[in-house]
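Given chain A, put chain B in place with the hints provided.
Protein sequences, first through last, are from chains A and B.
Numbering (the working numbering) for the first sequence: 3 to 149.
Numbering (the working numbering) for the second sequence: -8 to 188.
Treat each hint with caution, since some may be false.
Ranges between beta-carbon positions, derived for each pair [what the hints assert, rightly or not]:
no.	chain 1	residue 1	chain 2	residue 2	range
1	A	ALA29	B	ALA27	44 to 54 Å
2	B	GLU58	A	ASN76	43 to 53 Å
3	B	SER0	A	TRP20	53 to 63 Å
4	B	PRO168	A	ALA29	21 to 31 Å
5	A	ASN76	B	SER72	55 to 65 Å
6	A	ARG110	B	ARG186	20 to 30 Å
7	A	ALA29	B	ALA55	40 to 50 Å
8	B	ALA62	A	HIS46	32 to 42 Å
9	A	LEU112	B	ALA185	27 to 37 Å
10	B	GLU58	A	LEU100	49 to 59 Å
11	B	SER(-2)	A	ILE59	25 to 35 Å
12	A	SER48	B	PRO168	34 to 44 Å
No lab work stands behind these hints: they were computed from the structure.
All figures in this text were calculated on a predicted structure; none of them were measured in a lab.
Using N, Cα and C, we set each Cβ at its ideal position, and we do this for glycine too.
Each chain is listed here by its residues.
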Amino acid sequence: MHSWYHIRIERCATEGGWKRFNEMVEADKRFTPRHIALLSQSFHVSPEAMCRQLERIELLPSGTFESLKERGFNRDFVRGLIGDPAPRAPRIPLSPRLAQLASSAHRRGLLTEGQLASMLLLDRVEVREILDIFDGGAIDEIQIPVS
Amino acid sequence: MRSKFPSVSLADATLALSGGAMINLLASGMAEVLLANLRCPVIMAGNALAEVDQRCQRDNRLTAGLERLKASELLSECELSKHAKSIWRDLVGDGLADGIDDGDAATIALALTHANDTVSVLDEPKSARVLAQRWPDRVRVDTVTVLAQSATRGQIELATFRQGCIGALEAARMRVPDEAKEWMMSIVGAEYAARIK
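Just chain B, with the same shape it has in the complex:
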């Protein structure tokens, strides 16, 4: 039997966004509206935001959205605590098999030390695996799960929301996990879905 997507509800959670997830949301062209609708506090580590800034230098369509988010109360940049830094060092220095990149490691370290209900938003399979293995009780979701929350879309019309999702798929090459493909197809339409992988 196919499980219902999304299987995780983000109501009342705090989201620790990775750089990759923020790039996806910004590429939708409606990150500010989506995060405002979701009403979850959003935090990011400096290392993760640096990845977004780097992308903005190459794709200036994302810059305005990022500036609006930074100026609003929707997004807070958080400094890693001493404890978080020790987790971060451990994650980035863990060799080939389990070491992960600076940004994802900072996102995990921030989520772990921020509050128990803080959810990491990470699309990267290796980072997700490392988090699940080392901290199995912590919740992790991907960008599509954030988009698929009913609160995220709110009152946005389907056609507009569809354009936003297509923006994330095309401009950021957002990954769609297998369990989310049916949901994504229901938004972007079968014809568009058939053209992409």
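One chain only, chain A, in its complex shape:
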């Protein structure tokens, strides 16, 4: 008998999982460990389970998780990637995915800080905080090839 957790893991490989994966790649024009973290959060599974499912359905190259693990990608690391904004800035109620989209739009030169501030009802420094958290550091340098 499958547990709820196994059912959730299986859902990652359904059409919904494919769709969300494709949306992310299309929106951000790249795929990084941060995206695995975001996907795992939305499917309520561990980053490892998410990554291995994406490998299994051949959206990511086989061995991706092992490679990331060697570089320190684990549950605690993921918490640092998408779990910090709220405690540090209680006025920033964005979901990690929305913050990621905002950051991506700024990185690609589609929106200015001021435009994001206006859309998200934040001020410029709060937007900069989101941009610093979601678009910076060594983790975003790791680009995972997607199929």
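Below, chain B alone, put in the same frame as chain A:
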């Protein structure tokens, strides 16, 4: 060969400050002294100042500095002329690819219509790109270029100036462009620089 930073001299220029740039300077805790040292007339559009006021509501450490600047002759709030307003409308309504926010658009419109030597101080890459594409002969600098002018520091001791720069980096999350990173490191020190991005 690495180019010398800052590559732009602001002597005799008038500065049209964006809201983002003013927030950076206020976060240094020494905006008044820095702008007085620089001796450049500083102007701001109402829309850009509104962004600063908005930030002051969240971070009241900036309020006193802004009030002092407003009360002094160092900063003038300028109303956009009819011509400036038409540029502003054009910039904010230019769709996703080239449209920019109210404050930066007002800063550009003000700089363009104020005088030929008026320099926009904008840190935002998209706003800088739009300005460079549409008005390639107009000068634009970022906040770090203003800080790096030798006149700006004047007689301020390095330790005090360092604290000011760290204030801008931490409280305002001021951006440091790649070409300015070495200069910034020379001010804040390699140890501090290594802790930040």
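Here's how the hints hold up against the structure:
no.: 1; hint: A:ALA29 to B:ALA27: 44 to 54 Å; verdict: holds, 46 Å
no.: 2; hint: B:GLU58 to A:ASN76: 43 to 53 Å; verdict: holds, 49 Å
no.: 3; hint: B:SER0 to A:TRP20: 53 to 63 Å; verdict: holds, 56 Å
no.: 4; hint: B:PRO168 to A:ALA29: 21 to 31 Å; verdict: holds, 26 Å
no.: 5; hint: A:ASN76 to B:SER72: 55 to 65 Å; verdict: holds, 58 Å
no.: 6; hint: A:ARG110 to B:ARG186: 20 to 30 Å; verdict: holds, 28 Å
no.: 7; hint: A:ALA29 to B:ALA55: 40 to 50 Å; verdict: holds, 42 Å
no.: 8; hint: B:ALA62 to A:HIS46: 32 to 42 Å; verdict: violated, 55 Å
no.: 9; hint: A:LEU112 to B:ALA185: 27 to 37 Å; verdict: holds, 32 Å
no.: 10; hint: B:GLU58 to A:LEU100: 49 to 59 Å; verdict: violated, 35 Å
no.: 11; hint: B:SER(-2) to A:ILE59: 25 to 35 Å; verdict: violated, 51 Å
no.: 12; hint: A:SER48 to B:PRO168: 34 to 44 Å; verdict: holds, 39 Å
Violated hints for the displayed structure, listed by number in ascending order: 8, 10 and 11.
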